[in-house]
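Novice: These are the residues of each chain, in order.
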Amino acid sequence: MPHLFALLILSLSLQANLVDSQSWERSRSVAESQHEIVMLLIRGKAFDKVLRASQEIFSLRFPYNQEHLFVTEGQILSGALYDHQQYELAQALLDQALRAVNSNNSKALLYKEKAYLCKQEGKTDEAMEFFEKAVELEKSAP
Amino acid sequence: MECLTCTESLTAFMDGELSPDQAKKVEIHFTQCTPCHDDYQSLLHTYQLVEQVGLLELDPDLWTRIHSEITDLSPSESTWLASLRSLFGIRWVPIAAGTLGVVFLSLFFVNQPNPEVQQAFHEYVREREQLELPRVRVSQNASSLELRTAYPNPFIVHDHRPQENPFKLE
Numbered sequence: 015m016p017h018l019f020a021l022l023i024l025s026l027s028l029q030a031n032l033v034d035s036q037s038w039e040r041s042r043s044v045a046e047s048q049h050e051i052v053m054l055l056i057r058g059k060a061f062d063k064v065l066r067a068s069q070e071i072f073s074l075r076f077p078y079n080q081e082h083l084f085v086t087e088g089q090i091l092s093g094a095l096y097d098h099q100q101y102e103l104a105q106a107l108l109d110q111a112l113r114a115v116n117s118n119n120s121k122a123l124l125y126k127e128k129a130y131l132c133k134q135e136g137k138t139d140e141a142m143e144f145f146e147k148a149v150e151l152e153k154s155a156p
Numbered sequence: 093m094e095c096l097t098c099t100e101s102l103t104a105f106m107d108g109e110l111s112p113d114q115a116k117k118v119e120i121h122f123t124q125c126t127p128c129h130d131d132y133q134s135l136l137h138t139y140q141l142v143e144q145v146g147l148l149e150l151d152p153d154l155w156t157r158i159h160s161e162i163t164d165l166s167p168s169e170s171t172w173l174a175s176l177r178s179l180f181g182i183r184w185v186p187i188a189a190g191t192l193g194v195v196f197l198s199l200f201f202v203n204q205p206n207p208e209v210q211q212a213f214h215e216y217v218r219e220r221e222q223l224e225l226p227r228v229r230v231s232q233n234a235s236s237l238e239l240r241t242a243y244p245n246p247f248i249v250h251d252h253r254p255q256e257n258p259f260k261l262e
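Residue numbers (the numbering used here), protein chains in the order written: chain G, 15 to 156; chain L, 93 to 262.
Just so you know, the hints here were simulated from the structure itself, not pulled from any lab data.
One or more of the hints may lead you astray.
Claimed, not checked - Over the 12 Å line for every Cβ pair with chain L, so calculated as not near, a few chain G residues: (1) 37; (2) 48; (3) 66; (4) 71; (5) 155.
Claimed, not checked - Straight-line C-alpha distance at most 20 Å; calculated EDC-like pairs for lysine to aspartate or glutamate: (6) G:147 with L:208; (7) G:153 with L:208; (8) L:117 with L:107.
Every residue gets a Cβ at the ideal spot worked out from N, C-alpha and C, and that includes glycine.
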């Protein structure tokens, strides 16, 4: 009887993992397509639609160990917006990414990106504020 | 009588406050001393001019109004500012300016970023700039920059399996 019970638990656990894996794969696939949509919007200079489209990516549920993809996405999209002189939009997009991540390290990386963009824009004081925030988050990270 | 004594007694003489004996002495001095006599004449003329000006008719309510203006001072004026004035007198202005200066300076130094963090930031910016992909202008007229390479999609899973058609004949 105990063997049967253990087998049942093992089978349920495997099934849950399979569902998680499928769910993650679906989210990744959606994010991949949505990234191309956002890039098309940026290239087409349809900037007013960018944040709504990027929110579709950042509202997806990613596993904790895949959170770095949100960071990379924030860096890439904000960089593309910056190249089109859409400085405020770039910052707003990084804010979206900040809301999507949980770990302090991910947040620190995004704050550093905000600092970098501010520096490029000549806003040195603001850049230092973001960078200091990033350093604090890194210190408090486990 | 000496001139100094005469000058000191002049107003009292004019007001009739001197004794008859002293008044007589002053009068005698005037007949002997021209400068003192001239002073007397000048003062006499001033007295006459003042007498010509009639008394001002003041509004009977004037004092009441002045009194109420003084007593109705705002509490802030009558309390903290008044106490500050009474404490420091006229010196409160430079003291207050000095205090404000110290406060501003301390705020300035407190808000200065940590030099270590500044150094770390400069290093980060330098490293980050090296990571930048090469950018080229789309055209001479284009105001914005584009990456020469496509922006990478971070969500793509790289599949390293061979992509060629296995059924294709060589």
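Novice: Going through the numbered hints above, which ones does this structure break? Give me the numbers in ascending order.
Specialist: Going through the list in order, the structure violates hints 2 and 4 and respects the others.
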